[in-house]
Amino acid sequence: IQGWLSHEMNPSVTATVKLGQNGKESGLGGLETAEVLFQTQSLTYSKIRGKWLVLAIAMVRFYMEKGTHRGLYKSIQKTLKFFQTFALLEVRIIPTSVLVTGVQVSSRIFMVWLITHSIKPIQNEESVVLFLVAWTVTEITRYSFYTFSLLDHLPYFIKWARYNFFIILYPVGVAGELLTIYAALPYVKKTGMFSIRLPNKYNVSFDYYYFLLITMASYIPLFPQLYFHMLRQRRKVLHGEVIVEKDD
Amino acid sequence: GKHVEILDAKTREKLCFLDKVEPHATIAEIKNLFTKTQGKSLKDEDVLQKLPVGTTATLYFRDLGAQISWVTVFLTEYAGPLFIYLLFYFRVPFIYGHKYDFTSSRHTVVHLACICHSFHYVKRLLETLFVHRFSHGTMPLRNIFKNCTYYWGFAAWMAYYINHPLYTPPTYGAQQVKLALAIFVICQLGNFSIHMALRDLRPAGSKTRKIPYPTKNPFTWLFLLVSCPNYTYEVGSWIGFAIMTQCLPVALFSLVGFTQMTIWAKGKHRSYLKEFRDYPPLRMPIIPFLL
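Chains F and D are the protein sequences, given in the same order. All letters in the first sequence, in the order written, are residues 308 to 555 by the numbering used here. All letters in the second sequence, in the order written, are residues 954 to 1244 by the numbering used here.
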C-alpha cells in the first residue's frame, strides 16, 4: 500500500510519503535520501521539458526557413526517437497511474518506431506534423507542471494549461496518429513488411496490415477512457470535486 | 492515548476508529492495528468467542459483487477449447479456404495432437466434476469472461495453425514427436496423480488443510521437491505439446500459463510456510531447486 496516507493529489507530497516508507526506519538518512531524489526528479523533469522545447523550436525554425513541412520529420527524428524511447523510464518516475502512462508511452513508441521510422513514404504527411505538434505542446506543459509542482512554486496558469490544453490536444494528437497510420496502410499492404506468412517451420503467421487495422480500432475503446480520466482529474484539481473512482 | 480515525481515501467513508493509540506510535504500528482490526476475511466456521476483539465485536461487511460458482467457471472455460479445437481439426467451413472444407490433414502428428489436446480437456472436465474439492464456493462473475477469453482465444489461435493445410511437421520428425508424446503422457499422469493425492488429503465436505506428502505413487514423489507439483506437471504437458506440434503459439501459451502458475505456486507455498511450522524446507514452489 504505497502512500495510502497521502492527503492530497499533489505529486510532491505523494513522493515524500513513498520515499519515507522505502527508507524504512532510517530517520535522518531517509529524509536526506528524499531530498536528493526530489532534486533529481525536478532536474529530470526540467531536462525533459528542455528537450521538448528544443524540439519545438527546431520545428518552428525549420518551418520558417523552408516554408514547408516536408522533410521536417527527417530533421527532427533523431531527437524525437531518443527521448520517446527514454520516456520508458517515465512509467517509473511519474506518480500517475501506471496503466494510463503505460498506454500513452507504448502508443508513442509504436508511432515513432513502427510507423514513422519504418515507413518512409509517410514521413512527409501533414498528419505527422499534427501529432508532433500535439505531443510537443502537451509534453512541455506537462513537464513544466511537474517541475514547478516539485519546487512547490506552481504558477496557476501552468496548472490551468496542464488541465485544459489536453481538451484540444488529445483529439488533435489522436487524429494525427490515426491519419498517419491510415496513410501507411497501402504501403504496408504492398510491401508485406513486418509480416510472416505460412508455411514456416514455427507454424505461426503475422500480418502487419491487419495488426494496424486492429490498432486503429483499439483507439475506439482506449482513447475515451484516457480522455475521461483526464477530464475527471481536471474536475478534481481545478474545481476541487471529490470523485469516487472505480478501482484501477 | 489518542484517537485515530482512518478514512477511505477515495470515498472518504470511515473505515476504522482506533481509540487509545499511544502518541509516540509510528505509522507502521497504526497500520498494524488497522489491518488487525480489518483482518483477513472470516471463515464460516469461525467462532465469535475465539475472535481477537474486545467487548464489542465490529464485523465489516464487504460486498464481493456478482459471484459465480467455481464449478461453472471451470466447466465453461474447459468445454470451450475442447469444442473449438475440433472445429479447426475438422476444418469446418469459413476457417480455411473453401477447397479445404472438411478435409483431413495428411500428417500423423496433427491427428495425434488433436487426441492429446482433447484428452487434456476431457481430463480437466472430469476432474472438475469428480476429483477437485474446492475451498471457495464462488468467484467474481467477471472472472468467467476473463478466463474464457484466455482459454478459448488461445485454443483457437493454436488450433488454427496446427490444423492448417500449410502446417509444417516438426523438424526432427517422428523422433521429436515420440519424445514429446512421452513427456506429455508422463506429465498428464503426474498431474492426475497429484490431483488425486490432494483430494485424498481432505475428507469430503471438510475444509481442513494438511501438508501434502509423497504417497506410494511414484508421480507424487515430486512433492519432495515442490509444493505444487500439479503445476509443474501441467507446464511439462504443455511443453511436450509445444515440442510435438512445433508451433510458436503453443509455446507462447505454455509461457503465459507458466507465468500464471508460478504466481499461484508462490502464493500457495507462502501460505503453507505461514500455516505450518514444520513445512519441509527443501521444497520450492514450482520448479525443483529453482523457482
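Hint data in this document are derived by calculation from the structure and do not stem from the laboratory. C-beta atoms are modelled at their ideal positions from N, C-alpha and C, and glycine is treated no differently. Check before you lean on any hint, since a few could be wrong.
[Said to hold, decoys possible] Which residues of chain F face chain D? A few of them, derived with a C-beta cut under 10 Å, are:
(1) Met500
(2) Arg504
(3) Leu505
(4) Pro506
(5) Asn507
(6) Lys508
(7) Tyr509
(8) Asn510
(9) Ser512
inquiry  = When the structure is checked against the list of hints, which entries are broken? Sort them ascending.
reply    = 1
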